[in-house]
Amino acid sequence: MTDQIIAVTVLGDDRPGIVADVTGALAGLHGNLEDSTMTLLRGHFAMVLLIRTGAGAESVESALHPLSADGSLVINARVLGDSALSQIGGPSYALRVHGADRPGIVAAMTGVVARHGANIVDLGTRLGDGLYVLMAELQLPSEESLAGLDADLRGAAGELGVEVHLSPIDDDLL
Amino acid sequence: MPELPAGTVRRVVRAPDLVLSTRGNDVDPTESATIELAADLLATQAVSPGCVGLAAQQVGVAARVFSIDVSGHAKTRTCHGAVVLCNAEAVSATAKERGREGCMSVPDFTGDVARGRRLVVRGQLPLTGEWVEITTDGFEAVALQHEIDHTDGLLFLDRVSGPHGIHPRRTYL
Numbered sequence: 001m002t003d004q005i006i007a008v009t010v011l012g013d014d015r016p017g018i019v020a021d022v023t024g025a026l027a028g029l030h031g032n033l034e035d036s037t038m039t040l041l042r043g044h045f046a047m048v049l050l051i052r053t054g055a056g057a058e059s060v061e062s063a064l065h066p067l068s069a070d071g072s073l074v075i076n077a078r079v080l081g082d083s084a085l086s087q088i089g090g091p092s093y094a095l096r097v098h099g100a101d102r103p104g105i106v107a108a109m110t111g112v113v114a115r116h117g118a119n120i121v122d123l124g125t126r127l128g129d130g131l132y133v134l135m136a137e138l139q140l141p142s143e144e145s146l147a148g149l150d151a152d153l154r155g156a157a158g159e160l161g162v163e164v165h166l167s168p169i170d171d172d173l174l
Numbered sequence: 175m176p177e178l179p180a181g182t183v184r185r186v187v188r189a190p191d192l193v194l195s196t197r198g199n200d201v202d203p204t205e206s207a208t209i210e211l212a213a214d215l216l217a218t219q220a221v222s223p224g225c226v227g228l229a230a231q232q233v234g235v236a237a238r239v240f241s242i243d244v245s246g247h248a249k250t251r252t253c254h255g256a257v258v259l260c261n262a263e264a265v266s267a268t269a270k271e272r273g274r275e276g277c278m279s280v281p282d283f284t285g286d287v288a289r290g291r292r293l294v295v296r297g298q299l300p301l302t303g304e305w306v307e308i309t310t311d312g313f314e315a316v317a318l319q320h321e322i323d324h325t326d327g328l329l330f331l332d333r334v335s336g337p338h339g340i341h342p343r344r345t346y347l
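Chains A and B are the protein sequences, given in the same order. So for the first sequence, the working numbering puts the first residue at 1; every next one is plus one. So for the second sequence, the working numbering puts the first residue at 175; every next one is plus one.
Hints should not be assumed to be uniformly reliable.
Label pairs and their computed distance ranges (CB to CB) [as the list claims (entries may be wrong)]:
(1) Arg292/B <-> Ser68/A: 47 to 55 Å
(2) Asp170/A <-> Met175/B: 23 to 31 Å
(3) Ser142/A <-> Ala207/B: 46 to 54 Å
(4) Ala248/B <-> Arg154/A: 22 to 30 Å
(5) Gly155/A <-> Gly234/B: 48 to 56 Å
(6) Asn199/B <-> Ser167/A: 37 to 45 Å
(7) Val265/B <-> Gly43/A: 29 to 37 Å
Sample of chain B residues at the chain A side, in silico, Cβ under 7 Å [claimed, not checked]:
(8) Ser222
(9) Pro223
(10) Gly224
(11) Val226
(12) Gly227
(13) Arg274
(14) Glu275
(15) Cys277
(16) Thr284
(17) Ala288
(18) Ala317
Below, computed lysine to any residue pairings styled on SDA-like, alpha-carbon distance capped at 20 Å [claimed, not checked]:
(19) Lys270/B <-> Pro168/A
(20) Lys249/B <-> Asp170/A
(21) Lys249/B <-> Ile169/A
(22) Lys270/B <-> Ile169/A
(23) Lys249/B <-> Glu143/A
(24) Lys249/B <-> Asp171/A
(25) Lys249/B <-> Pro91/A
(26) Lys249/B <-> Tyr93/A
(27) Lys270/B <-> Ser167/A
(28) Lys249/B <-> Leu192/B
(29) Lys249/B <-> Ser167/A
(30) Lys270/B <-> Asp170/A
(31) Lys249/B <-> Gly312/B
(32) Lys270/B <-> Pro91/A
If you are wondering where the hints come from, they were derived from the structure by calculation, not from laboratory data. Virtual Cβ for every residue (Gly too), placed ideally from N, Cα, C.
Put together the whole structure using the sequences plus the hints.
Encoded structure:
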């Protein structure tokens, strides 16, 4: 079978050794791990990784089945198409939002971002004791789109009663 | 900075070439091989678009020599022009800030790295071997620390702030 990219998602109860167990099981498929990310979401293990292999999604799920058999982890594997790189060519900006927790903060703020044609390339949110925090990296369609986006984000933040800050991310090529 | 002979452009190596992870040997700045290397670093840097510094490791030599020139860069404040330093080390690095930096030898990624924005560096000039101390700030300070790291066998990848601090490079000059 031709090599293809398979996305593996692993969610569940955290414990030491999950990453080693998952990647160890995949090593037997003679595939190549590519990009991956993992974090804890309110203490729950959450990981997505891409493996390039000729083994097929069913073989990947089968290799990982022993890890999910006791119900502590939910593991899925699916084939992805060729990567579609973002076509947004403008500058990168960091978006930071924080304020009292209430429904709809992420939807409202990211809705503004989407309406301005900016792409979110990284995002994380955290809920503390009544405090909600959102951090994202945006790629804007152009520098000219900044003023309108910034104004609308401030407007949305004002309605929600949260703080918003947008700051440039520059690459220093050394 | 003493006037050096005309240099020759050398090929820039890329990670994972092991020379990039090799700490450089101390050099004699007055030796002809060191003077030639210094001139070649300046020549190679000059023909590399967007390049503000180049270390010996980046042309395949594990030696404590680098060139730097941040003249004309938009972020430059204090600027010492085109300089080559041998056996350089940071005397002090303060006012750390996190920035996102890229490197000719790591063309696919950029990384978030905290570097001092106020810097004192000590090193020897090629040809004369004179010890000099450079006090600088801002972009030149960041570039100097990046190059000194190269001569110690360190890439920005070795200093990235955390697991989400590596990013696909968006532009490659």
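Hint check results:
| no. | hint | in the structure |
| --- | --- | --- |
| 1 | Arg292/B <-> Ser68/A: 47 to 55 Å | holds (52 Å) |
| 2 | Asp170/A <-> Met175/B: 23 to 31 Å | holds (28 Å) |
| 3 | Ser142/A <-> Ala207/B: 46 to 54 Å | holds (49 Å) |
| 4 | Ala248/B <-> Arg154/A: 22 to 30 Å | holds (27 Å) |
| 5 | Gly155/A <-> Gly234/B: 48 to 56 Å | holds (55 Å) |
| 6 | Asn199/B <-> Ser167/A: 37 to 45 Å | holds (42 Å) |
| 7 | Val265/B <-> Gly43/A: 29 to 37 Å | violated (45 Å) |
| 8 | Ser222 | violated (10 Å) |
| 9 | Pro223 | violated (9 Å) |
| 10 | Gly224 | holds (5 Å) |
| 11 | Val226 | holds (6 Å) |
| 12 | Gly227 | holds (6 Å) |
| 13 | Arg274 | holds (5 Å) |
| 14 | Glu275 | holds (5 Å) |
| 15 | Cys277 | holds (6 Å) |
| 16 | Thr284 | holds (5 Å) |
| 17 | Ala288 | violated (13 Å) |
| 18 | Ala317 | holds (5 Å) |
| 19 | Lys270/B <-> Pro168/A | holds (18 Å) |
| 20 | Lys249/B <-> Asp170/A | holds (10 Å) |
| 21 | Lys249/B <-> Ile169/A | holds (13 Å) |
| 22 | Lys270/B <-> Ile169/A | holds (17 Å) |
| 23 | Lys249/B <-> Glu143/A | holds (18 Å) |
| 24 | Lys249/B <-> Asp171/A | holds (11 Å) |
| 25 | Lys249/B <-> Pro91/A | holds (16 Å) |
| 26 | Lys249/B <-> Tyr93/A | holds (17 Å) |
| 27 | Lys270/B <-> Ser167/A | holds (18 Å) |
| 28 | Lys249/B <-> Leu192/B | violated (31 Å) |
| 29 | Lys249/B <-> Ser167/A | holds (16 Å) |
| 30 | Lys270/B <-> Asp170/A | holds (16 Å) |
| 31 | Lys249/B <-> Gly312/B | holds (8 Å) |
| 32 | Lys270/B <-> Pro91/A | violated (24 Å) |
Checked against the numbered hints above, the structure violates hints 7, 8, 9, 17, 28, 32; every other hint is satisfied.
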